[in-house]
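Here's the letter readout for the chains.
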Amino acid sequence: MSGFGNAFSSSIGKKFIMGITGLFLILFLIVHCGINALIFINDGGLTFNVGAHFMATNWIIRAGEIVLFIGLLVHIFQALRLTLQNQKARPVKYAVNDGKANSKWYSRSMGLLGTLLLIFLVVHLKDFWVVSRFTGIPTVDANGHEDLYAVMKEKFQDPVRLAVYILAMFSLCYHLLHGFASAFQTMGWNHSKYNGMIKSVGVWYSIIISILFAAMPIAVYFGLIQ
Amino acid sequence: MSTGNMNLTLKVWRQKNNKTKGALVDYKLTDISPDMSFLEMFDVLNEQLINKGEEPVVFDHDCREGICGMCSMFINGRPHGPKDLVTTCQLHMRSFKDGDTIVVEPWRAAAFPVVKDLTVDRSAFDRIIAAGGFISVNTGNAQDANNLPIPKMQADAAFEAAACIGCGACVATCKNASAMLFVSAKISQLALLPQGQPERYRRVQSMVAQMDAEGFGNCTNTGACEAECPKGISLENIARMNRDFASAKFISEETV
Amino acid sequence: MSDMNSNIPEGELASKWTKYKSSVPLVNPSNKRTIEVIIVGSGLAGASAAATLAEMGYKVKCFCFQDSPRRAHSIAAQGGINAAKNYQNDGDSIYRLFYDTIKGGDYRAREANVHRLAEVSANIIDQCVAQGVPLAREYGGLLDNRSFGGTQVQRTFYAAGQTGQQLLLGAYSALERQIGMGKVEMYTRHEMLEVVKIDGKARGIIARNLITGEIERHFGHAVVLGTGGYGNVFYLSTNAMGSNVTAAWKAHKQGAYFANPCYTQIHPTCIPVSGDHQSKLTLMSESLRNDGRIWVPKKKDDTRKPSEIPEDERDYYLERRYPAFGNLVPRDVASRAAKERCDAGYGVGASKLAVYLDFKANTERYGRIEAAKAGNHNPDKETCMRLGTAVIKEKYGNLFDMYAQITGENPYETPMRIYPAVHYTMGGLWVDYNLMTSVPGLYCTGEANFSDHGANRLGASALMQGLADGYFVLPYTIGAYLSKEISIKAIPTDHPAFVEAEERAVGILNTLINIKGTKSVDHFHKRLGHIMWEKCGMARNEKGLKEAIEEIRALRAEFWSDVRVPGTADELNTELEKAGRVADFIELGELMCIDALNRNESCGGHFREEYQTEEGEALRDDENYAYVAAWEFKEGVNFELHKEELKFENIKVAQRSYK
Ligand SMILES: Cc1cc2nc3c(=O)[nH]c(=O)nc-3n(C[C@H](O)[C@H](O)[C@H](O)COP(=O)(O)OP(=O)(O)OC[C@H]3O[C@@H](n4cnc5c(N)ncnc54)[C@H](O)[C@@H]3O)c2cc1C
Ligand code: SF4
Ligand code: FES
Chain W
381 MSGFGNAFSS SIGKKFIMGI TGLFLILFLI VHCGINALIF INDGGLTFNV GAHFMATNWI
441 IRAGEIVLFI GLLVHIFQAL RLTLQNQKAR PVKYAVNDGK ANSKWYSRSM GLLGTLLLIF
501 LVVHLKDFWV VSRFTGIPTV DANGHEDLYA VMKEKFQDPV RLAVYILAMF SLCYHLLHGF
561 ASAFQTMGWN HSKYNGMIKS VGVWYSIIIS ILFAAMPIAV YFGLIQ
Chain E
201 MSTGNMNLTL KVWRQKNNKT KGALVDYKLT DISPDMSFLE MFDVLNEQLI NKGEEPVVFD
261 HDCREGICGM CSMFINGRPH GPKDLVTTCQ LHMRSFKDGD TIVVEPWRAA AFPVVKDLTV
321 DRSAFDRIIA AGGFISVNTG NAQDANNLPI PKMQADAAFE AAACIGCGAC VATCKNASAM
381 LFVSAKISQL ALLPQGQPER YRRVQSMVAQ MDAEGFGNCT NTGACEAECP KGISLENIAR
441 MNRDFASAKF ISEETV
Chain Z
17 MSDMNSNIPE GELASKWTKY KSSVPLVNPS NKRTIEVIIV GSGLAGASAA ATLAEMGYKV
77 KCFCFQDSPR RAHSIAAQGG INAAKNYQND GDSIYRLFYD TIKGGDYRAR EANVHRLAEV
137 SANIIDQCVA QGVPLAREYG GLLDNRSFGG TQVQRTFYAA GQTGQQLLLG AYSALERQIG
197 MGKVEMYTRH EMLEVVKIDG KARGIIARNL ITGEIERHFG HAVVLGTGGY GNVFYLSTNA
257 MGSNVTAAWK AHKQGAYFAN PCYTQIHPTC IPVSGDHQSK LTLMSESLRN DGRIWVPKKK
317 DDTRKPSEIP EDERDYYLER RYPAFGNLVP RDVASRAAKE RCDAGYGVGA SKLAVYLDFK
377 ANTERYGRIE AAKAGNHNPD KETCMRLGTA VIKEKYGNLF DMYAQITGEN PYETPMRIYP
437 AVHYTMGGLW VDYNLMTSVP GLYCTGEANF SDHGANRLGA SALMQGLADG YFVLPYTIGA
497 YLSKEISIKA IPTDHPAFVE AEERAVGILN TLINIKGTKS VDHFHKRLGH IMWEKCGMAR
557 NEKGLKEAIE EIRALRAEFW SDVRVPGTAD ELNTELEKAG RVADFIELGE LMCIDALNRN
617 ESCGGHFREE YQTEEGEALR DDENYAYVAA WEFKEGVNFE LHKEELKFEN IKVAQRSYK
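Chains as they are written, first to last, in our numbering: chain W, 381 to 606; chain E, 201 to 456; chain Z, 17 to 675.
A few of these clues could be false.
[Claimed, not checked] Among chain Z residues calculated to face chain E with C-beta under 8 Å, some are: (1) 181; (2) 256; (3) 418; (4) 588.
[Claimed, not checked] Just a sample of chain E residues kept apart from chain W, beta carbon distances all over 10 Å, derived: (5) 224; (6) 229; (7) 235; (8) 300; (9) 338; (10) 397.
Just so you know, these hints were derived from the structure itself, not from any lab.
By construction, the Cβ of each residue, glycine as well, lies at the ideal position given by its N, Cα and C atoms.
I would like the entire structure built from these sequences, with the hints used as guidance.
See the structure below:
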């Protein structure tokens with residue numbers, strides 16, 4: 381470590397970790413969202429199940445999954461540490477603090493949004509990941525693949541779950557709205573000619589990803605796909 | 201003594217010293233002129249207090265023209281008050297309305313302990329500069345000033361970063377009490393100039409280390425600092441500092 | 017007539033400094049480590065000296081009353097700094113800067129000092145640029161210059177309207193570097209209250225820790241005061257609220273002569289007073305006169321808006337009276353001309369105490385140039401104004417913003433209203449060529465000394481002088497004294513002289529607290545300011561000055577019996593700080609009037625109504641007053657005059673003309 385000194389323990393180093401893990405999660409979401417979107421092919425989940433099968437069996441993906449979990453945990457752990465430290469940096473609070481005058485509410489509420497996402501994640505992992513990886517998917521589809529699609533259709537009949545998922549996607553959207561551009565800022569990847577582009581890509585990414593994710597339970601619940 | 205017609209209620213933080221607890225205290229002011237500066241309004245309050253035999257409110261100020269960085273009031277939830285790009289001393293009462301209640305607090309941060317009333321100790325900023333916010337050139341060592349041309353755009357950018365007045369509003373407003381905007385402004389100024397290159401990567405490391413040691417919080421990129429900075433110091437400076445820090449830690453072979 | 021020795025080295029003017037510098041005794045490095053120097057002040061003069069002396073190896077202690085050395089009032093200087101670089105190839109030279117400064121000072125400055133200042137001016141720019149001071153540049157990457165009053169060359173270097181800030185931050189960073197290395201001990205929020213003298217030499221100071229109220233004793237082999245100007249004696253000035261004369265005045269009371277106290281610079285372009293509540297005045301940099309034209313209506317009491325007054329009904333009185341220099345005449349001349357117009361009833365604005373500073377003509381001119389650059393050779397007026405406004409904004413944006421902030425008017429659309437205000441004090445502690453006061457071992461630099469500007473300072477020369485003193489002059493000249501002090505061990509601060517000085521300081525603090533009178537410190541300060549402005553301001557006369565002296569004496573008595581200072585002395589007590597400063601201002605005010613009364617001539621910033629030409633220009637009396645008036649403090653509050661004769665051997669003394 382000596383050569384790197386406090387590369388990761390300094391305030392900027394900690395931000396690097398948040399940024400890098402955040403960007404990694406952002407990439408993951410693209411893959412995740414891409415595979416999920418296969419349900420909109422509307423072929424009774426056949427293509428979707430192929431994708432799911434690939435994700436579940438390919439060893440690179442499986443290895444990636446471990447990295448993903450580590451990334452997620454580091455992201456969460458680091459966020460907690462930062463939050464605690466930041467609270468200590470202002471022991472006496474203001475009687476009046478007009479945060480909305482100078483910053484977006486969601487950029488000030490990343491911890492809250494993150495916590496909501498974490499709760500959602502527990503539900504979500506229990507719904508699908510635990511099923512596919514441990515308890516087992518009960519049925520197979522016409523191609524003989526495990527029918528994760530069927531699991532999904534069943535879960536999303538529950539209106540409470542539907543509400544939880546939609547709310548979570550709002551949280552995700554705002555979390556990303558701040559997180560995307562913020563990661564670039566943290567990594568120092570900015571340039572007056574590209575800043576605008578990074579910003580708008582971030583906004584579109586956040587909106588599209590969240591809408592696509594939310595569209596699935598909605599589509600299933602309202603029977604828009606078979 | 202004053203000539204205007206505004207009546208105001210002030211809620212001002214009073215704290216005897218850094219060992220006692222403070223509290224907001226209410227004061228009524230009448231006949232305030234809209235042409236007064238915010239600090240002149242405080243002068244009127246203090247004159248009133250002294251005449252009543254009470255102790256005046258202690259607050260930091262000196263130049264009263266927005267350049268020394270000494271004035272530092274957190275007004276109605278915002279550092280330097282409701283107007284953008286002005287310091288407390290440049291804020292005028294025409295930015296308020298008759299009948300307003302104005303809450304005035306000191307900067308709040310662990311690294312800026314309250315000294316008395318609205319005055320805080322910002323010496324942490326000096327220590328950060330002492331850790332590396334300079335170019336090591338002794339008097340008499342300089343070559344002719346025009347020997348090293350500097351592209352205007354770069355010189356202007358360095359100047360914009362150098363316009364920071366060290367007031368600490370960025371720290372005061374940041375939900376994390378982070379000093380990144382202040383520190384990055386100095387680092388950027390010197391990183392943008394050819395004269396600053398030899399120490400560029402040492403500087404960013406030692407200044408960031410000192411900043412952390414002072415107990416400032418960690419930046420979460422809310423951008424509040426940039427929005428509240430009276431001198432319009434840009435967030436881009438923070439990005440530049442981060443970039444330099446990464447280069448210093450992962451590319452440069454020099455460790456500090 | 018002279019009874020003062022200014023220790024100017026022999027020889028040719030142009031080679032004096034070089035020769036002296038190379039023959040001045042040195043202190044060897046190992047001795048430097050044991051020699052302690054106290055520097056009071058962290059402005060350009062103090063910070064540069066502290067950093068440089070520490071770099072040389074001395075042990076340095078530096079003091080300022082603000083919470084950080086970076087906040088010294090040098091930070092507020094706007095327009096620029098002069099240097100004889102001749103980068104513009106317009107005929108500038110060391111001699112020309114020397115000549116302009118002597119002439120600008122109305123032939124009341126010391127030739128040798130001014131020449132030295134001009135010689136080192138170029139090094140200052142080099143040093144600052146090497147420190148990373150971002151001075152303005154042109155597209156070719158080279159440094160840009162602008163013009164200032166009283167000169168016909170462009171030799172002023174600048175950083176937008178924040179030159180002082182940038183230069184001070186440069187000096188501050190050099191100082192912080194030495195602090196970080198442990199070579200300077202910095203004492204912020206400390207106010208010097210006494211000089212300690214042992215066997216006739218300055219050996220330390222008494223300072224008050226402003227946070228805790230503790231009184232501290234500090235030893236130094238030598239003491240340097242770089243404590244700035246005393247313009248706040250007028251209450252309203254462009255100085256910072258805390259700017260004061262206390263350090264210099266306490267030194268004065270310990271035997272340092274005070275020179276030319278009456279030379280006060282009234283700056284022509286400041287934002288006019290808006291009401292009784294006013295706590296300070298804001299300068300609009302002289303650089304604005306590069307592009308702003310000054311005028312008043314030709315008709316008395318004209319109440320039309322400026323935009324409604326046609327060209328031929330405007331009186332561009334500076335251009336009319338001084339065609340050669342026009343709007344760029346020196347400050348004293350411009351200020352008096354504004355006062356003359358307003359007194360005659362041509363003033364504008366609600367108070368009628370203002371004139372217009374109008375950027376329209378030059379905005380349009382710049383617009384035309386910009387349009388031409390873009391290929392449009394026949395632009396309409398609107399295009400010109402739009403393009404020109406952008407140019408003006410880049411040059412003076414921060415000043416225009418400041419104006420808008422304070423007045424609530426938009427100066428891009430309507431002309432600025434300006435009026436003269438107290439800005440700078442040419443007088444100060446008397447120093448010899450080495451910058452040593454009449455107390456051995458006590459030095460004085462920057463605005464606090466009297467040395468280089470004669471009766472009127474040219475714009476952009478104070479920054480130059482402060483940095484010249486601190487970077488390039490004092491570090492050499494102080495060696496001449498310290499080289500003889502190497503055998504002196506640090507004197508313990510329980511020495512009786514320290515005890516006695518501390519008692520003096522504490523005595524004053526306790527007295528102030530215990531008066532428990534009925535009126536606030538500000539009350540007295542305002543009254544003093546009023547007397548000074550009315551009777552010892554832009555124009556003075558014998559009768560007024562005599563009255564002022566009486567009024568000030570009465571005010572002093574009233575102050576010491578009726579001032580109210582709440583709180584105690586062992587805590588942060590801003591009223592107590594102010595009280596101490598105002599007490600000193602009152603004594604100084606009296607001396608200023610005495611000095612003004614003594615000087616039966618008009619010169620530079622000192623205008624005696626009895627002594628003027630038929631056209632109303634200042635009338636000097638070189639026969640009888642070509643001397644520096646250096647006042648010695650005597651028991652009670654009395655003053656004895658000493659004279660240092662000024663000899664002009666390299667310049668022909670003439671009636672100053674800017675016509
Ligand atoms: C608004 C304005 C604009 C100006 N613009 C220009 C310009 O464009 N060009 C130009 O050349 N000049 C300009 N000047 C003049 C110039 O800025 C000053 O003359 C110069 O900066 C003075 O520097 P200094 O170091 O002598 O004093 P200052 O910078 O005033 O520093 C005084 C120092 O002494 C300390 N001090 C004072 N008293 C005590 C005490 N009792 N105990 C402890 N510490 C003490 C203070 O804390 C401070 O650190 C301007 C001045 C003003 C006010
Ligand atoms: S960055 Fe802005 S807010 Fe922060 S200290 Fe500098 S001027 Fe003040
Ligand atoms: S008092 Fe100097 S910036 Fe406000």
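Status of each hint after checking the structure:
For residue 181 (chain Z), the interface hint holds, the least distance from its beta-carbon to any beta-carbon of chain E being 6 Å, beneath 8 Å. The beta carbon of residue 256 (chain Z) comes within 4 Å of a beta carbon in chain E, closer than 8 Å, and the hint placing it at the interface holds. This hint holds: residue 418 (chain Z) has a C-beta 7 Å from the nearest C-beta of chain E, less than the 8 Å allowed. The criterion of a C-beta within 8 Å of any C-beta in chain E is met by residue 588 (chain Z), whose closest approach is roughly 5 Å, and the hint holds.
For residue 224 (chain E), the requirement that its beta carbon stay farther than 10 Å from each beta carbon of chain W is not met, with the minimum near 6 Å. The claim that residue 229 (chain E) lies off the interface holds: its Cβ sits roughly 18 Å from the closest Cβ of chain W, which is beyond the 10 Å cut-off. Once the 10 Å rule is applied to beta carbons, residue 235 (chain E) is consistent with being away from chain W; the minimum gap is 25 Å. Listed as outside the interface, residue 300 (chain E) is consistent with that label: its C-beta sits roughly 13 Å from the nearest C-beta of chain W, beyond the 10 Å cut-off.
For residue 338 (chain E), the shortest C-beta to C-beta distance to chain W comes to about 28 Å, beyond the 10 Å cut-off, and the non-interface label holds. Distance check on residue 397 (chain E): its Cβ is at least 17 Å (rounded) from any Cβ of chain W, clearing the 10 Å threshold; non-interface status holds.
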